[in-house]
Amino acid sequence: MGVKIFNGKDVQDFLRIIANLDGASGNERAKQVVHRIVSDLFKTIEDFDLTPDEVWLGINYLNKLGSEGEAALLAAGIGLEHYIDMRLDAEDAELGITGGTPRTIEGPLYVAGAPEQKSKARLDKNPDPDAGPLRIHGRVTGPDGAPVADALVEVWHSDSKGFYSHFDPTGRQSEFNLRGAIRTGADGRYEVLTRMPASYGCPPSGATQTLLNQLNRHGNRPAHVHFFVTTDSFRKLTTQFNIEGDPLIWDDFAFATREGLIPHVVERTGGQAVGFEEDGYRDIEFNIELTPKVAGKDNQIVERARAAA
Amino acid sequence: MPEDSSLRQPATRAHPARWRDVLYVLPQREGDLARLDELAVADAPVVTVIGKYNHGKSRLLNELIRRDAFAVADRRQTVHLAECRHAGVRWLDAPGLDADVAGEDDRHALRAVWLASDIRLFVHAAREGELDAVERALLEALRADSRRTRRETLIVVTQADQMEDDDALGRVMSAIADQVPGAGLLVVSSTRHRRGLEDGKTLLIQRSGIPELERALADALARVPAARAHEARLLLGEMRAELETVRRAEAETLSSLRQQQAAQRHVFDDGLETLLAAIGRDMEVVVALAGPDLALVADTGRERYATTAAKLERAHIQVAYSRACIHLDGFLAGHGVSGLPREQQTAAGSLNTVMVAVMGVSVKFRADLHRMFCEAPGRARLQAAFAHYFELSRSRAALRDRITESSVALDAADRALAALPPDTAP
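Line by line, the protein sequences give chains A and B.
Residue numbering for the first sequence is 1 to 309, as defined by full-length UniProt numbering.
Residue numbering for the second sequence is 1 to 426, as defined by full-length UniProt numbering.
What the hints contain is simulated information worked out from the structure, not anything from laboratory work.
Where is the CB? At the ideal position from N, CA and C, for every residue including glycine.
Misleading hints may appear alongside valid ones.
Some, not all, of what chain A presents toward chain B, calculated at C-beta under 10 Å [unchecked claim]:
{"hint": "1", "residue": "P108"}
{"hint": "2", "residue": "L109"}
{"hint": "3", "residue": "P169"}
{"hint": "4", "residue": "N213"}
{"hint": "5", "residue": "R217"}
{"hint": "6", "residue": "N220"}
{"hint": "7", "residue": "R258"}
{"hint": "8", "residue": "E259"}
{"hint": "9", "residue": "I284"}
Bound conformation, chain A alone (with noise of 0.2 Å):
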């Protein structure tokens, strides 16, 4: 077994020093941050009894992983995105906020820019043979039902090889392509018309899946529709719906799905009828009911780097 140095003074005291833990000027909550953060991996250095090179295997990974930049998506991998969910929904039940359409993760493939339309659009602009057609709709309400009148509903979601236009490295998909922004009628209602995405994973080979490999886990996602739901009235809906039916609905390496997320896919005929070229389609009613801000403040908007186009 290896030494144990970690509970003695010496690097206790190289601890406090490594965050100037003790020192006058400087942010004491970054402190305090890097303090534990780095007293807990010394920590599992020496209750792992971590030889140097396993060290230095994991620096080098850090340079690959923000070289590839996946960092976002390993934060999704290791939970860290859904545990900040978590949180969110304890401090709701804290507050004693309920109901409402559930949270989710964001993922890191919004592009701020679709262009608006009214009630009801087209999203998909490229063809996608193997995407069958799919239309979304439902209604914006409050708390108290009443529907949500000049909502901006915000729809993002794959094609059929996983890949968001904007970052499709096939160059196949035009701007915007799968991606709409609707705004809602006095009825609150909205409706997409668009393709079935699929349900698609980390890079096969890059850093995120390589640390899952270690870890004997996909790094894969069911096929999703990313939505952001954003009124002057009420807090911010950051969420997305699963695809019934999809095998991975309780197996996403994201964590991201949740009870009330999977609305039932219907097959439905007379496609031409709603705007499709095709006959048969599906068909997916999502109702989105928000929820008040807390002392006139939402409490639950996220500062983060953001796509635009």
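With chain A held as given, fit chain B onto it using these hints.
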């Protein structure tokens, strides 16, 4: 003073359209091409008198053509190329070769010496003694040209009458003879010749050296047609040989680049095929499980944090698939095929790889993996898709560019050879 205005053009401007293709490959042959143009239109033989100013060039010419056609003065007089016809010969008086070597005068002089002349009379005044460095350099070039083109250069020491006595003249002649060993020197006095003619003194005419010069000139003039034919053949032959050398070298380069291109592709194709076959064999074991594909059976919400047989199966095939991709990625990186071409890159760095573009990120189940890796058409599709990106890789694109350049150069050499007339018809 008669003057050929066409000679006012820059010294060595070859006919642009006729020789464009040749000049493109052999720009250094501009002067030779201009000379070929001269030879094509030349009729009468051309005798050019050259030398430093005030060495008696114009005066000598006047004696040779028996009239005062060329201006004679103490200061630098002959600033343009002056021309006169006499006895079936074009006589050219080149501007004096002096210090301002880059000036217009010297370009005229060069044109006279290098392009227009069949015979050069290199004039040096006896009173100046030895040849100076400029004269020696020019003479060296002229004599080298004579050996090559058979255009003759006669060295004429003028103003012999200005020497104190025959001894003094003898010393100068001997000094010059040492400077240009093997060259025949002619000594003349234009003054004596003129006086001899005016006074009807045959002896003076004899002693002027002009008759001897005229005999030497007549012999040289008789050799001009043969010399011209030789020179045209020589220039065309040299250029043809040079172009053929260029063409041969370019053809060899092109062929070697194409071999390299084919060999690289062969190595890539072979290596990838072998690797895909190995992955296919490993994948057979992964996907060849008996019974239904558990991965396709959805779990329930109650099992969200539980381990199920379906989850294990999904992890099992995904990890196997990931390992196959990591192998492929390593092979591709070894062939310079990692990042996407710039025009395909997206804002998400993690997706800008050939692996992602080819494999996609959609979830692969057992049947997908079997189709992709265990069946020949699936492997062939991957083979073709990776080969597509191999050809887009930086080193392959650079090789393609070099092949294009080489092929353009080969075409240029072919066009230049076609533009060159046959040896017999300059």
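Structure-based check of all given hints:
Taken as an interface hint, A/P108 checks out: its beta carbon lies about 7 Å from the nearest beta carbon of chain B, inside 10 Å. Proximity of A/L109 to chain B holds as hinted, the smallest CB-CB distance being about 7 Å (cut-off 10 Å). Checking A/P169 against chain B: minimum C-beta separation of about 4 Å stays under 10 Å; hint holds. For A/N213, the suggested interface contact is upheld, since its CB lies about 5 Å from the closest CB of chain B, less than 10 Å.
With a cut of 10 Å, the hint placing A/R217 at the interface with chain B holds, because the nearest CB-to-CB distance is about 5 Å. The criterion of a C-beta within 10 Å of any C-beta in chain B is met by A/N220, whose closest approach is roughly 5 Å, and the hint holds. Hint status for A/R258: holds, given a least beta-carbon distance of 9 Å to chain B, under 10 Å. With a cut of 10 Å, the hint placing A/E259 at the interface with chain B holds, because the nearest CB-to-CB distance is about 6 Å.
Because the closest C-beta pair between A/I284 and chain B is about 17 Å apart, greater than 10 Å, the hint is violated.
Consistency with the previously given hints fails for number 9 only.
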